[in-house]
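With the hints as your guide, set chain B onto chain A.
Residue numbers (the working numbering), protein chains in the order written: chain A, 1 to 344; chain B, 1 to 292.
Hints listed in this document are in silico derivations from the structure and should not be mistaken for laboratory results.
There could be a bad hint or two in this list.
Which stretches of chain B does chain A cover? Using the computed rule of at least three CB atoms under 8 Å from a CB of chain A, they are [said to hold, decoys possible]:
| id | stretch |
| --- | --- |
| 1 | 77-89 |
| 2 | 98-107 |
Example chain A residues on the side facing chain B (calculated, C-beta under 10 Å, incomplete) [said to hold, decoys possible]:
| id | residue |
| --- | --- |
| 3 | R119 |
| 4 | G125 |
| 5 | L137 |
| 6 | R141 |
| 7 | V255 |
| 8 | I258 |
| 9 | S304 |
| 10 | G312 |
Even glycine gets a Cβ: it sits at the ideal position worked out from N, Cα and C.
So you can see what is in the structure, the chains are spelled out below.
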Amino acid sequence: MTRMPGPLRFAAVRHGLVVIVLAAAVAGYTQIAGSFADFQLAQIAIYVMAIAGLTVLTGLNGQVSLGHGALMAIGGYSAALVMQHDPNGHLPLAVVLVIATAATAVAGGIIGVAAARLRGPYLAGATLALAVGIPQLAVARQFAHTLGGEQGLTVRSPQAPSFLGSSFSLEHWLSWICAAGALVVLFLLSNLVTSRYGRTFRAVRDDEIAAALAGIHVARTQVLAFVVSAASAGLGGALLGVVTSLVAPAGFTLVLSIALLTGIVLGGLGSIVGAVWGSILVVYVPQWSTDLAHSLSFSTVMGSYFAVAFYGLVLIVVMLVFPSGLQGGIVRLWGMAASRVRRG
Amino acid sequence: MHEFVSFTLSGVTQGMIYSALAMSLVLIWRGTRIVNFAQGAMGMITTYVAITVVDRGDSYWWALVIAILAGVIIGGLVELVLVRPVESKPPLNAVIVTLGLLILLEAIAGMVWGGRYRSFPPAFSVQGVFVGSSRINLSPFDIFTICAVLAVMVGLLVLFRWTSIGLRMRAAAFEPEVARLLGVRVGRMLTLGWALAAGAGSLAGLLVAPNVFLYPSNMDAVLVYGFTAAILGGLDSPVGALIGGLGIGLALSYIGGYEGASLETIGALVILIALLMVRPEGLFTRVAPRRV
Numbered sequence: 001m002t003r004m005p006g007p008l009r010f011a012a013v014r015h016g017l018v019v020i021v022l023a024a025a026v027a028g029y030t031q032i033a034g035s036f037a038d039f040q041l042a043q044i045a046i047y048v049m050a051i052a053g054l055t056v057l058t059g060l061n062g063q064v065s066l067g068h069g070a071l072m073a074i075g076g077y078s079a080a081l082v083m084q085h086d087p088n089g090h091l092p093l094a095v096v097l098v099i100a101t102a103a104t105a106v107a108g109g110i111i112g113v114a115a116a117r118l119r120g121p122y123l124a125g126a127t128l129a130l131a132v133g134i135p136q137l138a139v140a141r142q143f144a145h146t147l148g149g150e151q152g153l154t155v156r157s158p159q160a161p162s163f164l165g166s167s168f169s170l171e172h173w174l175s176w177i178c179a180a181g182a183l184v185v186l187f188l189l190s191n192l193v194t195s196r197y198g199r200t201f202r203a204v205r206d207d208e209i210a211a212a213l214a215g216i217h218v219a220r221t222q223v224l225a226f227v228v229s230a231a232s233a234g235l236g237g238a239l240l241g242v243v244t245s246l247v248a249p250a251g252f253t254l255v256l257s258i259a260l261l262t263g264i265v266l267g268g269l270g271s272i273v274g275a276v277w278g279s280i281l282v283v284y285v286p287q288w289s290t291d292l293a294h295s296l297s298f299s300t301v302m303g304s305y306f307a308v309a310f311y312g313l314v315l316i317v318v319m320l321v322f323p324s325g326l327q328g329g330i331v332r333l334w335g336m337a338a339s340r341v342r343r344g
Numbered sequence: 001m002h003e004f005v006s007f008t009l010s011g012v013t014q015g016m017i018y019s020a021l022a023m024s025l026v027l028i029w030r031g032t033r034i035v036n037f038a039q040g041a042m043g044m045i046t047t048y049v050a051i052t053v054v055d056r057g058d059s060y061w062w063a064l065v066i067a068i069l070a071g072v073i074i075g076g077l078v079e080l081v082l083v084r085p086v087e088s089k090p091p092l093n094a095v096i097v098t099l100g101l102l103i104l105l106e107a108i109a110g111m112v113w114g115g116r117y118r119s120f121p122p123a124f125s126v127q128g129v130f131v132g133s134s135r136i137n138l139s140p141f142d143i144f145t146i147c148a149v150l151a152v153m154v155g156l157l158v159l160f161r162w163t164s165i166g167l168r169m170r171a172a173a174f175e176p177e178v179a180r181l182l183g184v185r186v187g188r189m190l191t192l193g194w195a196l197a198a199g200a201g202s203l204a205g206l207l208v209a210p211n212v213f214l215y216p217s218n219m220d221a222v223l224v225y226g227f228t229a230a231i232l233g234g235l236d237s238p239v240g241a242l243i244g245g246l247g248i249g250l251a252l253s254y255i256g257g258y259e260g261a262s263l264e265t266i267g268a269l270v271i272l273i274a275l276l277m278v279r280p281e282g283l284f285t286r287v288a289p290r291r292v
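Just chain A, same shape as in the assembly (with noise of 0.2 Å):
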C-alpha cells in the first residue's frame, strides 16, 4: 500500500476523519427524517455496537458466541438497576452507561475465561445455553423481586438540553445518543483492530498453537477479546433499555442473539464497515417483511416470523454459496471491477 502523506498515516487519525463524516451525515440526516427515522437510526446504531463487538469476537479472533443478547441484557438490566438506586436522576446518563458496560464487561470476562477453554461446537453450545438461561434469571422468583419478572424493569429517558431548544424532540436526543455511542465504539474497535491486540487477535484465530509459539498468551487474548465485545454489547443493551424505556425478558429471546449473529455473517465475519451493513440490514429486514405480511394481507404477527425466517435462511444460504459475507461480496466485486478498468 502507498504510503499516506501526513497525519493520515496515523490509523486512529483516518478513523477519526471517518467518525467525523458519520456523525455529520447521521446530525444532518436527523433534521430532514422524521421521528419514525429516528426510532430506526437509534436501533440501528445499537445494533452497530453489539455487531461489532461480535465481529471482534467471532470474525477477528474466531471464538463463536451465540449468546450476545444474553449479555445484552446483562446491559440493560445493570443501567435500569443503577437508575433504580437513584430515582432523583443525580446521576448524568453518560455515567449510568460506563457502569452498565463496565458490569457487562466483568461479566464477559467471567465468560471469557470459561470461554477460553473450549473450542468450536462446545463454545456454540455453552453460550446458546446462556442465550437461553440468562433472560430466565429475571423470572426466577429468587431474582423476580429485584429483576421485575416478566414485566422486566422500566428505564427512564434522559432529557434533552435545554439549549436545543424547546422543539428538539425526545426521539431526536435518543438517536443522538445512540449514534454518538455507535460512533465512539466503532472508533475504539476499528484502532483496536488496527493495532497490535488486533493482530493477536487475529493470530490466536488462525493458528493458536503458531501465535502461542510466537509468544502471544493465546487464554489472556481470548479472554481481552471477550471483555471487549462483551463491553460493546453491553453498552448497545443499556441504550435498548433506555430508548424503549424498558428491559424485559421477552426483549432479550435467542432470536435476539441469532438477529446479532445474521447480522456479523451479513457483513462477513470480521470486517467493522460489515458490521454496519449487517447492523442496517438486522433493523430493516423486520420492518420489510412486516411490509410484506401487511401488502399480502397477513397479520403483523406473520411479518415477525417472516423476520425470523429471513435470519434463518441467511445464515444458510450465505454460509453455503457466499462465506465472506456482504462486505466481502462488495470488496470482490470492486476487485473485480477495478481489474476490468485497469486492463481496460
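Using the frame of chain A, we list chain B on its own:
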C-alpha cells in the same frame, strides 16, 4: 422424603427424554463431527406434524409413526442438502448453518401453525399410578416414555453392534477413507446416521411436548438440556448419552422442585460450564489429544 422421591421419579422420566435428544446429538457428532443445533427444532416440527394428524381424528400411535418417519426424512434431507457442503469447512460454518436451520424451522412453525401455546395429548394418563394406597409421581405416560426411549436405545445398540449396516455406519464414521476403500458408501451411511438421529430427536420432541406445551420455540431449553447431557456423557458415547441424560434429568428435577422451574435453564448452564471447565471430555470417554 416424599418430595424427594417424587422429584427423583420425575427426574428419571425427564432424563430419559433428554437422553433421547442427547443420543441424536451423539449419533450426529460421531458421524460428522457436527453438533446439530437444529435437532430440537426438528423435533418441534415433527411434533406439530403429529398434532396435525391427531387433530384430523387419527390415533396417537398413527401420529407417532408419521412424526418419527417425518423426522427420519427431514434428517436425511438436511444432511444431503445443508450439511454435506459444509462438512469439509471450518466448524464455525456448520454451527452457523444448523443454527440458521433452527431459527428457520421455528419461523416456519410459527407461520404454518401459529405461535400460540398448544397442549399436546399424552398417549396415556398423566395421573400417577398407585403403589399400595399412595399415588406416586410416575404416571402410565411416564412409564411409556421410559420404555419408548429404552426401546430406541436398544434398537440402536442392536443395529450398531450386530448388523452389517451398523458396522458399515461405524466404519464410515471412524475411518471414512479406509471405509471408502473397502467399498462402504460413506456418504450414504452419514445420511442414514442423520436420519436415524433425527428419528430419535422426533421421539424426544413428542415425549416432552405434553410437559412443556407445543409452541415454535418449545425445544430451545430442551436442546440445551440435551446438549448438556451429551457433553456430560462425552458427546461420543451412546451409553454416556443415556447416563448423561438421566444425570441432567435428576439434577434439573431437584433444582426445579426445590428452587423453582425458571432456575432449570440456569442450572443447566451452570452444570454445563462447570463440566466443560473441569472435564471437557465428558465423564465417559477417554481423552484424545488435540491434533496439530
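Structure-based check of all given hints:
1. 77-89: With 4 residues closer than 8 Å to chain A, the stretch 77-89 of chain B meets the three-residue bar; holds.
2. 98-107: Per the Cβ count (9), the hint holds.
3. R119: Result: holds, 8 Å to nearest chain B Cβ.
4. G125: 5 Å, holds
5. L137: 6 Å, holds
6. R141: Constraint on A:R141 satisfied, holds at 5 Å.
7. V255: 7 Å, holds
8. I258: With a minimum Cβ separation of about 5 Å from chain B (threshold 10 Å), the hint on A:I258 holds.
9. S304: 8 Å, holds
10. G312: A:G312 check passes; min Cβ-Cβ to chain B is 3 Å, inside 10 Å.
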